[in-house]
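Chemist: Listed here are the chains, written in short residue letters.
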Amino acid sequence: MDDRLLIARVQAGDASAERELYDAHVERVYRLVYRIAGDADQAQDYTQETFIRTFDRLGEFRGDAALGTWICSIAVSVALNGLRRGKRLRTREVALDEAGTAAVAERASEPDLRDRLAQAIDDLPEGYRVVFLMHDVEGYTHEEIGRTLGVQTGTSKAQLSRARAKLRRSLAAFHPRTTP
Amino acid sequence: MILDDQEPLEPEIRDAARSYHEPPPVPRDEVWARIEARRAGRRSQKSGAPDAGVRRVRFLVWAAGIAALLALGVGIGRLSVRPGATGGAGRAPVATTAVPVVSAPAAGTPGRDAAAYRLATAEHLGQAEAFLTLFRASVREGRQERLASATARQLLATNRLLLDSPAATDPRLRFLLQDLELVLAQIAQLAPEGRSEDLKLITDGLEQDGMMVRLRSAVPAGTAGTYRQGAL
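Residue numbers (the numbering used here), protein chains in the order written: chain V, 1 to 180; chain F, 1 to 232.
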């Protein structure tokens with residue numbers, strides 16, 4: 001799909017183009033803001049706000065990066081500001097019971113690892129957490145992260161490295177050999 | 001901590017991480033309906049333009065302040081690296097933890113280059129500190145400064161040059177520049193009509209990260225003082 005053509009159609013007031021643009025990017029936006037927020041209601045709010053801002057500012061899109069990257073940068077900004085406003089992350093109520101019923105007996109310790117890991121991720125500084133979630137969880141490249149967050153690729157790599165080091169330290173009890 | 005360690009996490013941890021805030025299926029239609037409703041509501045209650053005159057005055061005040069800051073920075077930089085100057089230890093902005101002291105090197109030597117980079121870094125950090133101080137103050141007073149994003153973009157460009165320069169070989173300085181890059185990027189990406197609460201949230205983040213304290217401890221006292229005297 002040609003982003004420029006789609007943008008031109010949206011700017012010309014083509015309602016079906018707006019929906020096309022939304023459909024093309026909503027999956028990625030929702031997944032990203034959900035990973036950051038951890039709450040379905042907040043994720044919906046942030047996704048909604050992201051696309052409203054996207055449509056409002058479409059004229060500012062210069063095409064330096066892919067349209068999807070630009071939209072994701074709005075999404076991250078919306079989600080982080082929203083979380084700071086709320087002053088709290090979602091209370092950790094991981095569905096360990098569901099995970100536990102699916103797990104085999106040999107992996108009985110996994111819920112503990114997940115719980116501890118989730119807490120460790122929550123405790124990461126904001127910048128580290130976002131880079132870690134984007135790279136190691138959602139599979140973004142450092143180049144995409146750099147363009148999304150407006151930072152250099154090297155910064156993204158450094159933040160990821162520090163995030164991993166912190167997580168390894170937090171999980172040393174589970175994986176003593178991973179202690180840096 | 002090993003900075004260059006790009007080794008992936010162990011498979012068990014990686015797998016567990018994927019279950020962190022695992023997203024459910026996207027409620028496409030539900031969210032789209034909300035987007036349409038909100039946009040339709042906004043269209044119907046579109047009101048008049050904001051007070052453009054007040055905004056323009058604020059813009060000019062900010063522009064004048066930042067221009068003065070930059071001029072001071074350039075002036076100080078030129079005075080400090082003037083040919084023939086022996087770089088007395090009392091004048092050179094090198095007595096900090098992040099910017100190690102060097103003796104005055106001869107012109108054209110690698111040592112002189114390093115000193116120039118350190119000087120440029122000190123100036124940049126001084127400007128960043130002054131900018132963030134002004135930014136915080138304006139947010140605290142409830143003002144929305146339209147020039148903040150443009151200034152942040154300028155500082156961001158310098159920050160990137162320094163990150164790519166030998167100045168960033170000092171790990172502590174590199175960490176500081178990288179963290180500063182994130183903050184400046186956030187401000188640079190603020191919408192022109194950025195809401196005051198968004199601005200305040202950024203300043204809250206600054207305090208939580210201890211950015212201002214780190215900047216102040218990294219900026220040579222003499223240089224920072226000059227910036228502040230000139231700027232405020």
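Everything labelled a hint here was simulated from the structure, so no lab data went into it. What you are looking at is a predicted structure, and each value in this text was computed from that prediction instead of being measured. All residues carry an ideal CB built from backbone N, CA and C; glycine is no exception. Among the hints, erroneous ones may be present.
[To be verified] Partial selection, computed: residues in chain F whose CB lies under 10 angstroms from chain V:
id : residue
1  : E141
2  : R160
3  : A188
Chemist: Checking each numbered hint in turn, tell me which of them this model violates, lowest number first.
Modeler: Of the numbered hints given earlier, the structure breaks just one, which is hint 1.
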